[in-house]
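Participant: Please model the entire structure based on the sequences and the hints provided.
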Amino acid sequence: MNWIHLVRSELRKLTTTRMPWAFLAVLAAIAAINATAVIAGTDMDGSKAFIATGADQQSLVAFAANGLMIAGLFGAIAAAREYGHKTVVPTFLAAPRRSSTVIAQYTAVAVGGGALGLVGAGLTVTALAVSLPATDYGFLISAGGVSQVLAAAMLAGAAGAVLGAGVGMVVRNTGGAVTGAVLALVVAPPLLVQLASSTASWIPNTLANVVSGVADNVAVPAAIAAIVVWALVPAGIGLVAVQRRDVA
Amino acid sequence: MSIDQQAAARPSGQGDESPPSHPPPGYSLAFSHITKRYGDRAVVDDLTFTVQPGRVTGFLGRNGAGKSTTMKVLLGLASADQGRATIGGRSYRDLPDPARTVGVVLEPNAFHPGRSGRNHLRIVADAAGIDHSRVDEILGSVNLADEAADRRVGTYSLGMKQRLSLAAALLGDPQVLVLDEPANGLDPQGIRTLRELLRARAARGHTVLVSSHLLDEVEHLVDDVVVINEGKLIATGTIHDLQRTSTLVRTGSPEKLDDVLTAAGARVDHKDQTTLVVTDMAVDEIGEQAFVAGVPLHELSPQRGSLEDLFLEWTRNRANGEKEESLS
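Keeping their order, the protein sequence lines are chains A and B. Mapping of the first sequence onto numbering that gives the first Met the number 0: position 61 corresponds to residue 60, and the numbering continues sequentially without gaps. Mapping of the second sequence onto numbering that gives the first Met the number 0: position 41 corresponds to residue 40, and the numbering continues sequentially without gaps.
Bear in mind the hints are in silico, worked out from the structure with no lab data behind them. Any given hint could be a false lead.
What the hints assert, rightly or not - Per label pair, the in silico range of CB-to-CB distance:
| hint | chain 1 | residue 1 | chain 2 | residue 2 | range |
| --- | --- | --- | --- | --- | --- |
| 1 | B | His-32 | A | Asp-245 | 15 to 21 Å |
| 2 | A | Asp-245 | B | Glu-298 | 49 to 55 Å |
| 3 | B | Pro-95 | A | Ile-32 | 52 to 58 Å |
C-beta: ideal position from N, C-alpha, C; glycine also.
Facilitator: Printed below as a string of structure tokens:
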């Protein structure tokens, strides 16, 4: 048994059902909504100030926060369905040392989530570029800006997927895991900010925007590290839970 | 080559009911004082038995008797509260190449319904480092090649799912097979194929443990049986010996013979006015006791009861608080 074999097996699990297509459809829908907004939308004053500058356009296509959420759901479903369908049983039989298997699963969902984030950001940027000719504005985001948006979305997607997978391994039920991921990424952060306003700069959405270059609450390296921590905490809990529990 | 053909190409070993004098080298499965509790309830209770290589061992008990849990403990999927289960002296997690050592059918529906049978096996093969050419080979051997292999498992019948499970178990050509209710959903041809496969594997010195709650189904398949009830061992031994645990005695003096045999330690039931069913005493000794007592016998014949009858008797004995029956 080889760890690379396990990662290959986990990647094959992710790519041999219709789940990735469903997520790609969501990404395409988000890009289409963005394109529609660019073509038909206006600010409150009737202008198109929201696409007037490079920074405005980069804010519009900063997909990392969306990528974090979408990949979080992806990871939660991918991990929880393993237990729901009991497909984790043949995996644990092939690789009974569960820590290796779980890390392979995290690696695979990180690759999948990163790919979703990258594709989502790519589609969104493409949608902007395609729809701008219908307005009075050109494509104003620099090459560096585009690269940062893409890289941030990829990182956020990978982190979100690992976070979701950690939740999925703890909950082991697809519906519960999706709910858990939403709680962790959408519900809990604002509550945290209400409890301690100083945490506002450290919640996932803010951190994703920092990494995308459209916010500057904290330094980019610190934001990257914080996003990784957000992912690793539930992932660590999931790892411990899987090692301690029987496979029903 | 199909499983049928593979089995036919090898010595079947069928009918060889006595244990080999020198067990072939292989992996024995050892369960030592296994106890598994869920809450206050002991699902498996101080269970000790051994499964020998070169034999097909039936692991029998009612639904909920603890068979699957015991298998999960062996396979490292569940942890025992007490005791240890080993394969060739090692715990499952310590086997150097578990997928090539032990083939397992455990969960009847451990598939993603949206994934094809071929991809399911490729995933298992990837995890175990087995070449994909083996996937195609094994799919053919369980009659799931071509169109069926590329269909989503959600469209499979129960029998097809069982064959896919068996294919996954055989993927690594393992020395040990641990199969939980493998015949569920199989048609008569599938059951026959399974039987021939398992016999052929045992004949090659492999270790085969097959659980079932359908006693008649495994009666003609197994060499040895381990019977559990409510998590406890109630009988173990060769099926040949277990099925000869009673003797039918016909005599003109049943009451007198009953007294003589009971005094000598046998258990005697009256089948009708002239016939006794004697257990816990060898046929020879029954004859000698009758001769010494001067009781003429009209018939003295060992009985080969069905597993189902025997199982009901064992569980009744357990319920009555009678002594454990072990012929091992």
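Participant: Next, verify each hint and record whether it holds.
Facilitator: Hints and how they fare:
Checked against the given bound of 15 to 21 Å, the beta carbons of His-32(B) and Asp-245(A), roughly 19 Å apart, stay inside it. For the hinted restraint 49 to 55 Å between Asp-245(A) and Glu-298(B), the CB-CB distance of approximately 53 Å keeps it satisfied. In this structure the hint that Pro-95(B) and Ile-32(A) lie 52 to 58 Å apart at CB holds, the actual value being about 53 Å.
In this structure, none of the earlier numbered hints is contradicted; all agree with it.
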